[in-house]
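Undergrad: My request is simple: use the sequences and hints to build the entire structure.
Same order as they appear, the protein sequences are chains A and B. Per full-length UniProt numbering, residue 1 is the first one in the first sequence, and the count goes up by one each step. Per full-length UniProt numbering, residue 1 is the first one in the second sequence, and the count goes up by one each step.
Watch out, some of these pointers could steer you wrong.
What the hints assert, rightly or not - Some but not every residue of chain B turned toward chain A, in silico, with C-beta under 8 Å:
| hint | residue |
| --- | --- |
| 1 | P100 |
| 2 | I134 |
| 3 | I147 |
| 4 | G226 |
| 5 | G229 |
| 6 | V321 |
Just so you know, the hints here were simulated from the structure itself, not pulled from any lab data. Quick reminder that beta carbons are idealized off the backbone N, C-alpha and C, glycines included.
Below, each chain spelled out in residue letters.
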Amino acid sequence: MTTPLATARSDLILFGAFTLAVLTMPIWLVPLGAGYPDLMQKFAIYGLFAIGFNILFGLTGYLSFGHAAFLGVGSYTAVWSFKLLGMNPVPALLLAILLSGLFAWVIGFVSLRRTGIYFSILTLAFAQMCYNLAYSVLTPITNGETGLRVLNSDPRALDHLTGQGVVDGPLVSNIFGLEMNGLPGFYFCAVWLLIGMYVSIRIFRSPFGLMLRAIKTNQTRLNYTGISTRPYALTAFVISGMYAGLAGALLCVTDPLAGAERMQWTASGEVVLMTILGGAGTLLGPVIGAGLIKYSENIFSAFHEQTLHDIFGFLPDGVEGVVVSVAGLFVGEGWHLTLGLLFMVIVIFLPGGLTSGVRQLVQMARRSSGGSGRSGGDAGTAPQAAE
Amino acid sequence: MDAILLQILNGLDKGGAYALIALGLTLVFGTLGVVNFAHGALFMLGAFCAVTVNQVIGLEQVTLDPNNLTPWGTPVEIREPYIVSWLGDTGHLILDYSVPVSILAAIPIMIVIGFIMERGLIQFFYKRPHAEQILVTFGLAIVLQEIIKTWFGANPLPQSPPTALRSAADIGVLVGFNPGEIVYPYWRLVYFVFSALVIGGVFAFLQLTTFGMVVRAGMADRETVGLLGIDIEKRFTLVFGLAAVVAGLAGVMYTPILPPDYHMGMDFLVLSFVVVVVGGMGSLPGAVAAGFLLGILQSFASMTEVKSILPGIDQIIIYLVAVVILLVRPRGLLGRKGVMEG
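TA: Structure representation (structure tokens):
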């Protein structure tokens, strides 16, 4: 685990390495078959979403089941900004952050009156409420099941001012003519991911972050010391809501369409899974988890019967048929089944996430190799285990 | 006056479903200390028990009649459910009453499912943090609902109530209203009576049997019960099975009211959680009372008169009530001190 006392230099190295890794993604993802912009945008956006969720769940331990609501709010705000102001993504993102932060403040104000499961249930209820409203009464704002999209007939005030009012073909968000799809779109998301990561590192290292950890460790004791924890938790909730709103807006920057299904509880569950898969409470874990989930979603959903037959072609005919039909349950349309199983497996066997799994492996390796050589080996590793 | 009475009646069946699910949730939470996000999936599985039973007893024997030809020149197919050819009129009756008959199948099935869930998964999570319990049962809920989706498809599968109960009762006449003012479908009445019976049965079981006494004692103070030399873990499996049966039966009987589909479990689960929170975590009477209360409130909110003043109120009324309750009375309506405080 990253210690609060880690030096500024190690953070700088971490951030530098992360920046390098993100910016060179179009290169090193090619051999993995994921080097195309659409998917990398998803990595960046959901990475951002998970980083924000981690600030709440990883630091304070408050398990929110309603973060998809903020993702949806961000998306709708962004599309409305496109419709009214124009296709420039910057005002859209800022408005989305602002509005989702406001939503998070209202929802957090009520939900944070309770802790533990009550909190989870309340956030889940709020998210379902937003989802229901988006589908029914708020149809004038959200366009219901069809989803909200930008039309050529929309006002787009700023576009008309700068003479971009009349566009042939589909409307794509752009910064002064640079269209936000393909690689520029990815780099735009990547820049936001880096900003989000940097802010997250700063929060992790700040006294505020320390206070959030204290809430997770023992809230009662904090209360007894005379500290009111609620403002801290609420701030963390609002910050993570803003991250979610930003992620939702970025989704619309790359594809200007917002639908209510983004707010469903499955979406809230997905971000929880990303965070715990990578390792809640770690800096890099959530991004890794988000990347893994989106990568495997991409791979698994693309599978269909024929690819399965190709893969299992070496098996005898009768066996092949059985294997293919069983495997067919888990891919393509059945991707959610895999997701659910993955969820259970991770929680049952690796509740600390992949980063803790890797750390355990490293420790085991170190102990087995160094244990016989050094007499004080155990004493030497003990402080690390206590991190 | 008649409108008010009608809305109360309308809320009763939905309230009954909420109460039954919330009852199981509270039972599991109170005794086992586990927050079961897969409880809604049990409700859904119950509903699909009814679908399966209906499909199984509806299996048809297809014979070709060579003497009669269809306009296309092929022999006319005569379809006759096996059960009718075996049992005659009784078969027709069973087919007609397939939903109530499914209860017989649902009880053992739900007990087995409950046992498997508790022994296979939940028992390993008693000592782990609530967050992990929530997450693992959440994953389980996704898995169960996806399995149902692959098996039965994504579309709702409407089930029909028995022919005799398809019409509506003119209840208003009984209490002095003019005929036709308060008309209420028989099946909803049946559902209300059924849920009241099940709730009564569960309470009687808890109040009158020794086993129930141990369970109640366990809900009040698990540690002391353990200290008294009672192996409470052994009873947990049964309690979980009981909760599964209650949720499953609620699902079976609800199928004629709401055509079951794979995500009905989660829809009801979220509402039932709110019901539990409003009623007070760990309080069985609270869960039941809040279930009916919120069901009735919801039906009032869907009146056109109310909706014209506050559009969309029917969608959010339950959540609004929950928010108000939590702000005013954080412990819930009938919640006890010390249960899941914090």
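Undergrad: The structure should be examined with respect to each hint, and the outcome stated for every one.
TA: Each hint tested on the structure:
1. P100: violated, 32 Å
2. I134: holds, 6 Å
3. I147: holds, 7 Å
4. G226: This hint is violated: B/G226 lies away from chain A, its Cβ roughly 23 Å from the closest one there, beyond 8 Å.
5. G229: violated, 30 Å
6. V321: violated, 11 Å
Of the hints listed earlier, those the structure fails to meet are numbers 1, 4, 5, 6, in rising order.
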